[in-house]
Amino acid sequence: MEDFVKFERIDKSYDGEVLVVKDLNVDIAEGEFLTLLGPSGSGKTTTLMMLAGFETPTNGEIYLKGTPISKIAPYERGIGMVFQNYALFPHMTVQENLAFPLEVRKMSKADAKEKVDAALDMVELGEFGTRFPAQLSGGQQQRVALARALVFEPQLVLMDEPLGALDKNLREQMQYEIKHIHERIGITVVYVTHDQSEALTMSNRIAVFNDGVIQQLSTPDVLYEKPDNSFVAQFIGENNKLTGTVKSVNGQYCEVDLDSGGSTKALMVNVSSAGQKTQLSVRPERISVGTNASENKFTGKVEELIYLGDHIRVRLNVCGSNEFIVKISNEGNISFKEGDNVDVSWAPDDIRALDI
Amino acid sequence: MEANISTAEQILTTDGIPLKDSLKKTERRNKIKAFLLVFPLLLFIIVTFIVPIFDMLGRSIDDSQINTVYPKTFEEYKKWDKDAEELPPEEVYKAIYYELGEGDKIQIGRALTRMNYSKSGWKSLIKKTQRQIKKDLKAEVVIASYKERLIEINEKWADRTYWYAMTQMLNERTPIYYWNALDRTYDAEMNVVMQSEERRIYIKTWIKTFKVSVYVTFFCLLLGFPVAHLLANLPLRYSNLLMIFVLLPFWTSLLVRTTAWIVMLQQNGVINGVLVWLGVLSDDGRIQMVYNETGTLIAMTQILLPFMILPLYSVMKVIPPSHLRAAANLGAKPFTAFVRVYLPQTVPGMSAGGLLVFVLAIGYFITPELVGGKDGQLIGHWIAYHLKTTLNWGLCAAMGAILLGIMLILYWLYNKIVGIENIKLG
Ligand SMILES: Nc1ncnc2c1ncn2[C@@H]1O[C@H](COP(=O)(O)OP(=O)(O)OP(=O)(O)O)[C@@H](O)[C@H]1O
Ligand SMILES: [Mg+2]
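In order, the protein sequences belong to chains E and R.
All letters in the first sequence, in the order written, are residues 2 to 357 by our numbering.
All letters in the second sequence, in the order written, are residues 281 to 706 by our numbering.
Hints were generated in silico from the structure; no laboratory data involved.
Among the hints, a few may not be true.
What the hints assert, rightly or not - Pairs of lysine-lysine residues, derived as BS3-like cross-links and limited to a Cα-Cα distance of at most 27 angstroms, are as follows:
| no. | chain 1 | residue 1 | chain 2 | residue 2 |
| --- | --- | --- | --- | --- |
| 1 | R | Lys385 | R | Lys427 |
| 2 | E | Lys7 | R | Lys613 |
| 3 | E | Lys114 | R | Lys613 |
| 4 | E | Lys110 | R | Lys613 |
| 5 | R | Lys427 | R | Lys359 |
| 6 | E | Lys169 | E | Lys180 |
| 7 | R | Lys300 | R | Lys311 |
| 8 | R | Lys654 | R | Lys668 |
| 9 | E | Lys66 | E | Lys7 |
| 10 | E | Lys116 | R | Lys613 |
| 11 | E | Lys114 | E | Lys7 |
| 12 | E | Lys72 | R | Lys613 |
| 13 | R | Lys613 | E | Lys107 |
| 14 | E | Lys66 | R | Lys613 |
This structure is a prediction, so every number in the text was calculated from the model and none was measured.
The whole structure should be built from the sequences, with the hints applied where relevant.
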């Protein structure tokens with residue numbers, strides 16, 4: 002099948018000195034929900050803007066259903082977009098804002114009204130139709146922007162942090178709503194966020210951006226379980242990091258001498274030979290406490306216990322790091338307290354040797 | 281504490297004082313503080329702005345000075361039955377005889393100017409008569425009939441039209457200056473009539489003032505809009521440079537700029553010179569671009585342009601570029617996006633600039649005076665003329681009041697149509 006959207010070797014520079022997007026290659030399938038996730042300034046909005054046609058790639062080409070996008074004017078692309086600052090028209094009421102894309106498509110008044118009402122109901126703003134954007138709260142404005150991007154039924158919708166201004170409850174509700182709309186109408190969504198949990202819950206695939214480069218592009222579970230490099234490991238979820246030097250390589254695994262002394266067996270991901278410096282990454286919930294494991298076993302002092310109901314967070318001083326976090330699910334059998342020394346261990350498959 | 285407790289549950293503060301009283305007290309203190317801060321400015325504005333305006337409004341209808349000069353004459357005059365008698369009765373002649381002979385010379389002089397507005401000829405008549413009466417009084421001549429004596433001194437005292445003109449001065453308040461400012465005057469029967477053909481100058485000037493102001497506003501908008509748009513959208517270092525060019529006129533004397541336009545536009549000036557040199561014009565086909573309405577229009581447009589650009593700029597500056605993008609994204613072609621999304625958002629700037637330019641243009645003086653020549657004069661010219669040359673301050677005040685009225689009407693219209701809270705100057 003032909004890709005719906007295809008970024009091919011895209012570079013982008015605003016000032017001719019810094020590349021804010023570097024050699025971007027992404028294929029987006031029809032109906033996919035792709036999220037661009039990354040820290041502020043990593044080039045997410047820029048990527049979206051190039052797709053929408055408001056920025057021109059400095060190099061490379063973007064294809065929309067096989068057609069080079071540079072040949073299609075922005076107003077003919079039929080791409081819905083939710084802007085980071087909403088970009089609602091302040092001189093039009095909510096209804097007029099929503100009717101705008103229908104009017105410029107010469108839709109009849111009656112049809113337009115129907116669609117507008119339906120869209121407003123969808124975002125639960127039915128009774129706010131006659132208000133002006135300035136009379137709405139930030140969250141309501143965001144929902145209007147969302148409705149406006151969807152009302153003309155585009156095949157592709159771009160959303161630039163559409164839920165940034167919402168409180169937690171509404172945000173979760175809207176995440177569900179967007180997901181629902183996506184599944185129901187089968188539109189393709191390119192979604193930008195820097196909230197990783199939002200990305201994990203909503204997306205088919207996530208592209209993790211840093212410094213204008215995609216660090217890893219895969220499904221949420223792979224991204225979490227098998228980060229390709231230390232940036233991704235650090236950025237997605239919680240992560241304990243240890244540094245060391247590869248001592249020996251043994252098939253899939255390697256033996257790493259920790260800088261703080263001792264050694265551990267780890268999964269080789271981003272290192273290739275003995276002598277290399279490496280950063281080890283292990284998730285807090287993959288660490289067992291007080292077991293009698295034979296390998297990868299260390300002793301540490303409990304610095305802090307945080308009771309969180311369903312699980313308990315333990316901060317340990319282990320392997321020269323006193324920020325070492327362990328999550329233990331609460332089964333009523335915690336037998337140590339702050340100040341105690343405990344044994345911790347992990348399976349070689351759960352500790353990944355990454356770049357530094 | 282308040283005695284009548286109307287609401288059943290009045291809320292008290294912890295000290296037992298009703299909450300409302302307590303709030304009022306704290307607010308009063310803040311109000312007094314705020315008032316004291318603005319007080320010097322308030323005083324300044326009252327003394328230098330409000331008082332003069334009311335003084336002007338007062339002057340425009342004031343006719344009391346002449347009433348203090350001829351109190352007795354006017355009193356007797358009112359008893360004159362114009363249908364029964366051709367000329368005023370003897371008492372009137374007698375009263376004016378003594379009031380001219382014994383009255384204060386300076387006051388009579390001032391009154392004379394006023395009398396001449398109503399009928400020219402009063403001045404010389406009274407001056408001559410006054411001289412003779414003074415001689416009479418010195419010689420202690422016995423006068424049998426003051427009427428005959430005055431007619432003997434000057435036969436114009438038997439001319440009814442002089443006496444009729446006096447009707448206009450009997451009241452301490454008069455609309456005459458307003459009528460004059462609109463090329464109208466009173467006839468003998470106190471009807472408002474048009475001035476004689478050759479004296480109708482003001483209505484023409486009013487219309488021209490209005491026309492020029494509308495044109496200037498329109499041209500300023502036409503020229504200012506793209507500049508403001510550029511200013512708001514260029515990268516900072518270019519827009520700063522452009523802003524300097526926009527503001528440059530403010531750093532140059534108005535007089536210098538106006539004279540520069542004369543140099544540019546006159547028949548032997550720069551523009552004509554270049555056109556002749558290029559062969560577009562022949563040497564004797566040089567265009568007259570200054571000392572007429574064209575000159576006024578060109579120079580005023582240039583001088584008032586910043587007042588249009590700045591409010592427009594300040595409005596455009598805050599229109600996020602994402603609006604036009606959003607419009608395009610929603611399927612609007614660039615033109616539609618501009619008209620439906622951008623333009624409506626600049627209306628506050630356009631109207632603020634328009635109002636500002638129009639109001640400035642309508643009362644403009646120096647530039648039309650210098651480059652306007654004979655037919656490029658606006659109403660300001662006549663105000664200045666009467667202020668300095670004829671000393672007809674009543675007429676000046678009336679013209680000023682009309683200008684003020686026009687502005688208030690515009691302001692009111694603006695508020696009705698656009699809403700004054702939409703004005704944005706920065
Ligand atoms: N119009 C512009 N001119 C110059 N530089 C720009 C422009 N827009 C963005 N940049 C730069 O490009 C880089 C990427 O910006 P971009 O807006 O794509 O970041 P982002 O990932 O969307 O960040 P955020 O999460 O904060 O929205 C930033 O360093 C930014 O300063
Ligand atoms: Mg962004």
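Hints, one by one, checked against the model:
no.: 1; hint: Lys385(R) / Lys427(R); verdict: holds (22 angstroms)
no.: 2; hint: Lys7(E) / Lys613(R); verdict: holds (25 angstroms)
no.: 3; hint: Lys114(E) / Lys613(R); verdict: holds (22 angstroms)
no.: 4; hint: Lys110(E) / Lys613(R); verdict: holds (20 angstroms)
no.: 5; hint: Lys427(R) / Lys359(R); verdict: holds (16 angstroms)
no.: 6; hint: Lys169(E) / Lys180(E); verdict: holds (16 angstroms)
no.: 7; hint: Lys300(R) / Lys311(R); verdict: holds (16 angstroms)
no.: 8; hint: Lys654(R) / Lys668(R); verdict: holds (18 angstroms)
no.: 9; hint: Lys66(E) / Lys7(E); verdict: holds (8 angstroms)
no.: 10; hint: Lys116(E) / Lys613(R); verdict: holds (22 angstroms)
no.: 11; hint: Lys114(E) / Lys7(E); verdict: violated (35 angstroms)
no.: 12; hint: Lys72(E) / Lys613(R); verdict: holds (15 angstroms)
no.: 13; hint: Lys613(R) / Lys107(E); verdict: holds (13 angstroms)
no.: 14; hint: Lys66(E) / Lys613(R); verdict: holds (22 angstroms)
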